[in-house]
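Asker: Listed below, chain by chain, are the residues.
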Amino acid sequence: MTTRARLAGAWLAAVALLALLGGCETAKPYDYTNFHAHPPRSILVIPPLNESTTLEGTYSYLSTVSRPIAERGYYVFPVAVVDQFFKDNGLPTTGEMNQVPPGKVGEITGADAVMYLDLKQYGSKFVVFNSVTTVEVTAKLIDTRTGTLLWEGRGFAQQSGNGNGSGSLLADLIAAAITQAINKKADTAHNVSRIANATLFLPENTGLPYGPYSPRYDRAH
Amino acid sequence: MRFLFPTLAAGAAVLLAGCVTPPPTVYTWGSYEELIYAAYLSPQDMPAEKQIELLEKDYQVARSTNHRVPPGWHAHLAALYYQVGRVDQAHQELLTEKAEFPESATFVDRLIANLKKP
Chain Y
-17 MTTRARLAGA WLAAVALLAL LGGCETAKPY DYTNFHAHPP RSILVIPPLN ESTTLEGTYS
43 YLSTVSRPIA ERGYYVFPVA VVDQFFKDNG LPTTGEMNQV PPGKVGEITG ADAVMYLDLK
103 QYGSKFVVFN SVTTVEVTAK LIDTRTGTLL WEGRGFAQQS GNGNGSGSLL ADLIAAAITQ
163 AINKKADTAH NVSRIANATL FLPENTGLPY GPYSPRYDRA H
Chain D
78 MRFLFPTLAA GAAVLLAGCV TPPPTVYTWG SYEELIYAAY LSPQDMPAEK QIELLEKDYQ
138 VARSTNHRVP PGWHAHLAAL YYQVGRVDQA HQELLTEKAE FPESATFVDR LIANLKKP
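Residue numbers (the numbering used here), protein chains in the order written: chain Y, -17 to 203; chain D, 78 to 195.
No lab work stands behind these hints: they were computed from the structure. Watch out, some of these pointers could steer you wrong.
Stated by the list, open to error - Derived CB-CB ranges, DEER-like:
| no. | chain 1 | residue 1 | chain 2 | residue 2 | range |
| --- | --- | --- | --- | --- | --- |
| 1 | Y | E89 | D | T102 | 32 to 38 Å |
| 2 | D | Q160 | Y | T75 | 20 to 26 Å |
| 3 | Y | Q66 | D | P179 | 20 to 26 Å |
| 4 | Y | N187 | D | E130 | 41 to 47 Å |
| 5 | D | D165 | Y | N71 | 20 to 26 Å |
| 6 | Y | Y199 | D | Q137 | 28 to 34 Å |
| 7 | D | Q160 | Y | G72 | 18 to 24 Å |
We put the beta carbon where it would ideally sit given N, CA and C, even for glycine.
Input sequences plus hints: build the corresponding full structure.
Answerer: Right, dumping it as structure tokens:
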């Protein structure tokens, strides 16, 4: 238990550092003109295209996006129900789901906007005594009525398998083995996805603006 | 339960990021997202009955703390009820989704129509 707690503490410190590094990049502010011209209330997330070599990345990543978008203030359609709905209606793959025009999605579901996601990187690379886990995703939000691009962004996060390298080769080796064992099922990249999402949705200048269900929603727009 | 822990850690990490101002949590998330992940990853370990049980527990927690469950949550639970043949409860959850979030009306009406198909 103490080992687990210590590992968890180390892990927390590592991701916190990464989030700090990832979130603080000063990026060019996004031009929200189109967004404010067609501010959506509801967003339907299409299951992502997956360019990574990790097959399970598709649904692992998909399961992390409802929370940040809903907490940002939007109605988010239930991602698993939507996925099943597409499958039941003759679109068995996410590739096919991503081909459906936004206007059609709006007509069928009533969504104001559709979010298309592209998982560029997802997974871990093992290097000697360590592993590096990377998640990179791009997002495009399209207005279903006009087909206008409302917002787009990129999320990126990276985590080292033993984030707090102890300086002792043997200790690091053991820590790397334990970390891998713990994360056998709930893979590290799944957790790194949440950090990538923070860099995608939360930055004030480039992120997704607050929506109507957020107490911070700016009604002036 | 193990899969819930890293989520909390990640959430805390995001909060710690100084330049990203954390918005207050609007909803009680419980195990909703992690159940979706678990069900895709190893469906045999996460049958609908088990998911229903966990979500119903989350709902009690949300109610007792006077919090809302997130958008899509009731429709998701409806789909699980439907899978195990509890069609009336599925219908009720869909109506709740629509009442809580009117944005869902078009989609929910479509799902309700599907419920009634033999």
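Asker: Now, for every hint given, state plainly whether the structure supports it.
Answerer: Status of each hint after checking the structure:
no.: 1; hint: Y:E89 with D:T102: 32 to 38 Å; verdict: 33 Å, holds
no.: 2; hint: D:Q160 with Y:T75: 20 to 26 Å; verdict: 22 Å, holds
no.: 3; hint: Y:Q66 with D:P179: 20 to 26 Å; verdict: 23 Å, holds
no.: 4; hint: Y:N187 with D:E130: 41 to 47 Å; verdict: 43 Å, holds
no.: 5; hint: D:D165 with Y:N71: 20 to 26 Å; verdict: 24 Å, holds
no.: 6; hint: Y:Y199 with D:Q137: 28 to 34 Å; verdict: 29 Å, holds
no.: 7; hint: D:Q160 with Y:G72: 18 to 24 Å; verdict: 20 Å, holds
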